[in-house]
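Go by the hints and put chain B onto chain A.
Protein chains in written order, with full-length UniProt numbering: chain A, 1 to 282; chain B, 1 to 166.
Derived by calculation from the structure, the hints in this document are not laboratory data. Cβ atoms here follow ideal geometry from the backbone N, Cα and C, with glycine treated the same way. Be aware that one or more of the hints could be misleading.
Partner residues are not named here, just some residues of chain B that face chain A (Cβ under 7 Å, in silico) [what the hints assert, rightly or not]: (1) 6; (2) 9; (3) 120.
Beyond 10 Å from chain A on every Cβ pair, some chain B residues (computed) [claimed, not checked]: (4) 106; (5) 108; (6) 123; (7) 141; (8) 145.
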Amino acid sequence: MRSTENDLRQLLNEHAQEKSAGEPPAHLDAIVRRGRRIGRTRRAVAAGATVAVVVTAAGLMNGLLIGSPSADVATLAQSPADSAQVEPGPKLPEKFSVVLGAERFDLPLIHSQRFETMGVARTVTFSPTSFSTGQKVVCDDPQAWVVTAQRLKSGELGGSAGRCESSVSSHHDRLSAPSDWLKRPQSLQVWVFPADAPVRQVAEVVTGCPQTPVSKGCDESAQSQALMRPEVRERLSAEVGERPGRWAVGVYDRPAQTTSGPSGAPSTVVEPPDDSPMPPTP
Amino acid sequence: MDDGFAEYVAHRHSWLCRMAYLLARDWGTAEDLVQTALAKAWLAWRRIEGNPDPYVYRIIVNTHTSWWRRRWRGEVPAETLPETADPRDAAAQVDDRAALWSAIDTLSPRQQAVIVLHYFEERTLTQVANIVGCSLGAVKSQLSRALTRLRVDPDIQTMNLEEVRR
Chain A
1 MRSTENDLRQ LLNEHAQEKS AGEPPAHLDA IVRRGRRIGR TRRAVAAGAT
51 VAVVVTAAGL MNGLLIGSPS ADVATLAQSP ADSAQVEPGP KLPEKFSVVL
101 GAERFDLPLI HSQRFETMGV ARTVTFSPTS FSTGQKVVCD DPQAWVVTAQ
151 RLKSGELGGS AGRCESSVSS HHDRLSAPSD WLKRPQSLQV WVFPADAPVR
201 QVAEVVTGCP QTPVSKGCDE SAQSQALMRP EVRERLSAEV GERPGRWAVG
251 VYDRPAQTTS GPSGAPSTVV EPPDDSPMPP TP
Chain B
1 MDDGFAEYVA HRHSWLCRMA YLLARDWGTA EDLVQTALAK AWLAWRRIEG
51 NPDPYVYRII VNTHTSWWRR RWRGEVPAET LPETADPRDA AAQVDDRAAL
101 WSAIDTLSPR QQAVIVLHYF EERTLTQVAN IVGCSLGAVK SQLSRALTRL
151 RVDPDIQTMN LEEVRR
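Same shape as in the complex, but just chain B:
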């Protein structure tokens, strides 16, 4: 409990739980995930130099991946994609958000981690690569595949901004 561990836990626990929730999608599991990660970090606390965040994030991501492998996800392969809502339908927007949230759950744990670290934690791709323990190229590749699967188009934002400027 020395060397700022208690202070770190008090300061960062809530945020870590939010981040873990986005990976685990269950508040109890998220708390368990964070507690496990902090317990592992506590064992190595005196050897951690500088900001412990990347180290703790990495443990969360690795632990989540390890737990993810053990659970049955109930995925059923289908030959065709399910019908999608009419893009002009206003009510479809709500469904779209729900669909997007569900689609994130179908990503691999590594892709989920990249999405959450980049878009929620606002980490740069280099920082994400450092946390998940792979090369920058691998992170870019994971991100690109994840966005394709989520049907998120990075170019749409640019087009919308241009429309607003007009």
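Just chain A, with the same shape it has in the complex:
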């Protein structure tokens, strides 16, 4: 038996009406309370990544300063909070190839972090070991949208945006890195949005999705450009919300004082402050 569109329309209306007798009143206070809670959670999740890195660095520093008795503690602290997973998630390349004119060289991975959710801002903190520092994001879904932002020499924020598969990466050199690049830990902000996130719609509503010299209409190039605007990311994040989705970010730099985990994979680098002696090696 086949039905008609009118049957369908009628059926939906009947079900909506029959239940409407018991529909609850709107609880505005509860809605606002929930909104505040969601806002707090989002901020806490964003800040959590930063705190985890700080704790990791502190634990590692303790291990180095105190010596071998604390090695186990330091090793535990090095592990990212979500590292105890059955599947490793997307794999970061071991090297980052840099081409500067005729000069070509590879940078090894010095720091990495993995995440299980997308749709919210994440901050990754690391200690660069030279002015030549690269970053790369890899995702389970290669079509996911990725935006990275970090401070430039001019003090403004720079970065990149695009699909995850299109090698969203960036690289600093002496000309682009801020003057304090080696003096203190640096941070990189990363947003990963689902592949089907309404980037175009949000870009059109918020910025009108202005064309770029290489774009035709509001195509992916123009959408990527729009994603560099904070208000577009903010709105998109509010619409998409936090969703499951694995991705990882890697930081590549010239090797310095590295420590290796049990697998031999370099995980964190501790760069001593300019005015302090090198920590004793265990």
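Chain B only, in chain A's frame:
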């Protein structure tokens, strides 16, 4: 609570709950869905320009999709379709409606959203595309697949109307 948010909630809450009920099929879940959507909308309220409906609908649809992924739907694949009632049987009409209602529940959340927005909310397909965040072509494709699965034939209505005119 400024900028008309309270007014919007008072005015639209009931209708949003009905729409959410058609997606969630549970009054408690529907209320939770609407409250979550309105809470998220409240966070971005000052940045919403014009009619907030499409924005709120989109959050409802996305939140429902996200919740849908987390629940076990107990679907059991079968090689053959279950027996259907004799189309000439009058009592079968009631069963048909129940079957149609059940069949809507087997659609993907995106297809459910397209059906509800188009046939209950009376939104055009372009508006539906804007709400669910995909192209018009994708919405047409989702709608066509959903109607095929529901065994709803858009042409039957035309034939019936012609019969009435005769």
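Determine whether the non-interface label on residue 106 of chain B survives the test: each CB of chain A must be over 10 Å from its CB.
Consistent with the label, residue 106 of chain B stays out of reach of chain A, its closest Cβ about 14 Å off (over 10 Å).
Restraint outcome when residue 6 of chain B is required to lie within 7 Å of chain A by C-beta distance
6 Å, holds
So is residue 141 of chain B really clear of chain A, every C-beta pair being over 10 Å apart?
14 Å, holds
Classify the label on residue 108 of chain B as holds or violated, using whether its beta-carbon is more than 10 Å from each beta-carbon of chain A.
13 Å, holds
Hint check: 7 Å Cβ-Cβ cutoff, residue 120 of chain B to chain A:
Where the cut-off is 7 Å and the nearest Cβ of chain A is about 4 Å from residue 120 of chain B, the hint holds.
With d taken as the least Cβ-Cβ distance between residue 123 of chain B and chain A, does d exceed 10 Å?
13 Å, holds
Nearest-CB test (10 Å) between chain A and residue 145 of chain B
Non-interface label stands for residue 145 of chain B: nearest chain A Cβ at 14 Å, farther than 10 Å.
Please check whether residue 9 of chain B passes as an interface residue: C-beta within 7 Å of a C-beta belonging to chain A.
5 Å, holds
Consistency note: the structure conflicts with none of the earlier hints.
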